[in-house]
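With the hints as constraints, model all of the structure from the sequences given.
This is what each chain is made of:
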Amino acid sequence: MSRRAWRWLIPASALPVLALLAYGFRVNPREIPSPLVGRPAPSFTLTAFDGAPVTLEAQRGRVVVVNFWASWCYPACYDEAPVLERSWRAYRDRGVVVIGVDIQDTTEAAKNFVRDFGLTFPNARDPSGKVSVDYGTYGVPETFFIDRRGRIRAKHVGALTDGVVRVHVDALLAEPAG
Amino acid sequence: MKGRYATAVLLLAVLVADPARGAQAPTRAVTESQVHEVAAELRCVVCQNLSVADSPSEMARQMRAIVRERLEAGESPARVIQYFVDRYGEWILLSPRRSGFTLLVWLAPLAAVAIGFAIVSTLVWRWTRRPASASTPPRVDPAMRERIRRETETEP
Amino acid sequence: MIPELGYGAAIVALALALWGAVTAALGARTGRPALLLSAQHAAVGVFVLVTACFALLTYAFLTFDFSVRYVATNTNLGTPFYYRITGVWGALEGSIILWAWMLALYTVIVILRHRVSARAFYPWVLTVMLGVLAFFLLVMTVAAPPFARSSPVPADGRGLNPLLEDTGMITHPVALYLGFTGLTVPFAFALAALITGRVGDAWITLTRRWTIVAWYFLSLGLLIGGWWSYHVLGWGGYWAWDPVENAAFMPWLTATAFLHSVMIQERRRMLKLWNLSLVILTFGLTLFGTFLTRSGVIASVHAFTQGAIGAFFLSFLALVLLTGLGLLAWRWDALHAQGALDSIVSRESAFLLNNVLLVAVTFTVFFGTVFPLLSEVARGVKVSVGAPFFNQVNVPLFLALIFLMGVGPLIAWRRASLDNLRRNFLAPVLVGVVAAAGFFALGVRSAIAVLTLALTVFVAATIAVDFARATRARLRVGERLFPAMRGLLLRHNRRYGGFVVHLGILIIAVGVTGSQAWSVQTETTLRRGESAELAGYRVRFEDLTASEESNHFKVAGAFTVSNGRVLGVLRPAKKFYPQEQSPIAYVDYRLGLNEDIYLVLGDFARDGSQATVKLLVNRLVSWIWIGGLVLTLGALLAILPERRKGA
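Chains as they are written, first to last, in the working numbering: chain V, 16 to 193; chain E, 51 to 206; chain Z, 17 to 663.
No wet-lab data here; the hints were simulated from the structure. Note that the coordinates shown come from a computational prediction; the quantities given were computed from them, not determined experimentally. No residue lacks a Cβ here, since even glycine has one placed at the ideal position from N, Cα and C. Take these hints with a grain of salt, some might be off.
No more than 30 Å apart at the CA atoms, straight line, and that leaves these computed lysine-lysine pairs for DSBU-like [unchecked claim]:
(1) Z:Lys591 with V:Lys126
(2) Z:Lys398 with V:Lys145
(3) Z:Lys398 with V:Lys170
(4) V:Lys126 with Z:Lys570
(5) V:Lys145 with Z:Lys591
Counterexamples of contact, computed for chain V against chain E with all Cβ distances above 10 Å [what the hints assert, rightly or not]:
(6) Ala37
(7) Phe40
(8) Gly66
(9) Glu100
(10) Arg104
(11) Ala169
(12) Gly173
(13) Leu188
The following label-pair restraints were derived from C-beta to C-beta distances [unchecked claim]:
(14) Z:Gln595 with V:Ala37: 53 to 63 Å
(15) Z:Arg165 with V:Ala27: 37 to 47 Å
(16) V:Ala37 with Z:Asp217: 51 to 61 Å
(17) Z:Gln408 with V:Arg181: 48 to 58 Å
(18) Z:Leu550 with V:Thr122: 29 to 39 Å
(19) Z:Ala457 with V:Arg41: 56 to 66 Å
(20) V:Arg181 with Z:Leu338: 44 to 54 Å
The following block contains the structure:
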């Protein structure tokens with residue numbers, strides 16, 4: 016290359032930077048994959064609003080949907096509460112459990128929420144936030160789908176829809192038990 | 051207008067402190083600054099760019115409590131940090147690991163200074179070598195030089 | 017009607033800006049004055065129209081015209097009068113109008129000041145400025161139209177982002193944008209110099225004051241941003257190395273480098289290529305900052321909305337960088353002159369080192385800011401690069417810069433003799449060493465703190481030595497003390513303005529060091545009547561009160577602060593806005609020269625029986641704001657017209 020041609024490297028040096036920034040349009044900085052997917056689900060023991068103990072261990076052999084929510088999480092948690100209740104009713108006889116974990120909330124407000132939506136699946140408060148940190152949650156609502164062997168297989172961020180629940184739960188139910 | 055505050059009242063209800071926190075007998079005394087040191091390395095997950103130590107959010111407060119509890123249970127700061135990395139990924143580290151790919155970001159400043167310094171020293175070396183005759187002032191007698199010196203000092 | 021008028025004005029302004037840019041360029045090539053005159057009229061027309069847009073949008077805010085979507089999303093019936101005005105530039109679309117308006121204003125000032133004095137560059141300067149303006153008007157009409165209609169028209173708006181309900185929010189963006197847009201002027205002159213081939217010193221002399229003004233506004237914007245962060249965000253700090261802060265900091269760094277390297281070009285006719293590169297880079301970085309804040313590519317606290325606007329800014333950034341750097345390559349032969357230096361030990365070397373360090377800091381900040389993106393591209397893993405990283409890597413570089421701040425202004429041009437070094441630096445170095453020992457004896461154990469403070473003392477001593485010597489020289493010729501000092505400041509305003517700015521930076525450095533090294537905090541839950549203690553302060557929780565404000569609900573705690581005697585009652589609060597999911601912390605504080613006491617309210621019991629409070633004693637933070645005032649004085653001094661004749 017002649018000496019004079021080298022100078023065109025000056026403007027050319029901007030190209031890789033511009034390309035990198037352009038690539039940025041394809042990524043969403045707010046979407047962070049959970050490292051827990053594919054790993055054993057952290058165990059927990061909480062006390063449900065009705066006083067009964069809620070543990071993950073007790074559900075081994077069943078497909079578990081763990082949903083993190085809060086009564087102040089409007090509108091997403093309000094949108095998905097009926098979805099969860101519907102799914103629970105539809106799937107409970109096929110070996111599926113829905114567990115609601117209420118975080119950063121007060122017992123009173125949460126109880127009202129459970130009552131207002133007529134939620135019948137086990138719901139418990141996570142007063143210290145330990146369970147939500149164990150699951151690496153960023154906020155509410157977030158939902159984890161756990162297979163029969165107790166491993167987290169999928170994580171959904173944001174309000175659930177009937178379709179989302181069906182896709183994940185049906186896939187896990189289709190797997191051979193044990 | 052009252053209806054607008056329905057959510058606010060709802061929010062208000064959220065914030066009642068629950069005094070019953072996971073009470074576990076501490077096996078080790080941990081100071082505020084030790085907790086702060088670990089928490090300052092962790093990114094607050096609800097507020098994008100503050101550390102867990104600085105964030106005023108409820109989530110960060112709970113995380114600080116977890117840090118404290120783990121330190122009190124005898125875990126090393128590195129173990130505590132690893133606990134969070136296992137759950138949130140490397141994303142939660144405010145300063146990237148000094149190994150593997152992320153070592154690159156640590157080397158960048160060094161490289162920048164080294165390259166910049168190398169370029170400037172080569173240039174200065176070359177420029178001082180060539181006779182600066184074009185720009186050096188003509189020879190001046192000592193009296194003149196003294197006057198210039200005084201000038202440059204009083205009127206720098 | 018109002019929205020249509022505003023939209024129409026923006027479109028006509030866009031057409032006029034394009035017309036003006038083209039006619040100015042044609043005028044430059046053909047030398048026909050009529051073309052240039054037409055471009056000038058177009059520029060004035062753009063200014064009037066953008067002013068009209070701004071006024072119309074403000075009117076829409078004041079009258080709650082929710083048929084305008086931007087008004088509906090950024091205000092509601094409860095928004096106080098004051099924030100309805102500042103809300104105009106509270107979000108993306110309005111900020112673009114403000115930007116365009118300032119740019120139009122600068123263009124008009126350039127016309128008034130330079131149409132005669134810079135005849136050779138002027139047409140091309142006008143072309144570049146109107147070209148940049150046309151881009152912002154394009155954004156205003158296509159990508160982010162502020163006058164877009166909302167349908168159906170809501171009964172009430174969503175409301176301003178509560179964090180922006182603060183006086184800092186009027187001044188912070190205004191100062192920052194004045195800085196950003198101000199940097200367009202040197203950029204336009206640099207391009208004009210490249211296009212006309214007059215790459216000598218003329219463009220630098222013409223833009224010197226412009227650069228200082230823009231640099232000053234940028235500094236002010238950064239400082240007010242820090243103040244806003246400190247007293248609004250409620251985390252007790254003023255700088256978080258957030259991508260957006262970094263984006264504003266980078267052009268500041270390169271502009272600072274430029275302000276120093278131009279002195280070498282003025283003195284020694286060297287570094288033409290470098291200075292032009294710095295100006296192009298600086299302007300590119302201002303666009304990069306806008307791209308970053310408005311594209312959503314990199315997560316940040318104050319990121320605006322995402323959308324097509326990112327692509328607009330990236331394309332324009334590409335255009336600017338490729339054109340600017342391409343012109344540099346094209347003029348390579350005229351620029352690539354060999355320099356000549358007399359000695360390695362000289363002010364030239366000090367300034368070159370200063371430039372290396374400033375650009376290294378810029379690169380570090382840039383690389384750290386985009387590294388998460390790079391990591392994702394290279395291996396698909398999300399990482400964060402935050403405050404601990406930036407602090408660790410930048411502190412050594414900042415310390416080296418402070419050291420050079422002492423050396424640069426006093427070491428001789430061309431060749432520093434041993435005599436020159438001894439007379440200028442012996443005393444300051446000794447003072448610095450004594451200061452280091454003194455700080456150590458006083459119990460300062462942090463190595464970085466001792467080093468920073470000692471360096472600060474050293475630099476302050478060099479300034480004192482220089483000023484004392486110059487004053488003495490004037491006294492010797494019979495002047496009296498105060499007239500001598502005043503005359504010195506005014507006659508050598510550029511040099512002493514620089515010194516005062518340096519003093520301001522030193523004071524800020526002390527504030528930053530102090531707050532990093534000595535601030536303490538604690539967090540505790542108090543029952544009513546209970547007290548917490550920290551660093552000699554006793555804070556007693558008195559009670560909790562709730563109140564309904566015009567657009568939010570507020571719960572405030574009352575805490576009596578005392579240190580032996582009662583200092584007062586602080587009322588940190590939480591504000592609940594209907595449009596926000598989580599409450600906004602409202603901190604309360606008591607500022608002092610040496611330490612601030614700073615309270616953040618956490619959880620509380622609904623009945624007011626107990627509350628969690630975060631208690632911070634922040635040391636020397638006020639020095640940062642004082643440093644900002646000193647810096648303002650210095651910048652003012654530096655832009656005064658020079659009184660000295662023929663120098």
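Against the structure shown, which of the earlier numbered hints fail to hold, in ascending order?
14, 16
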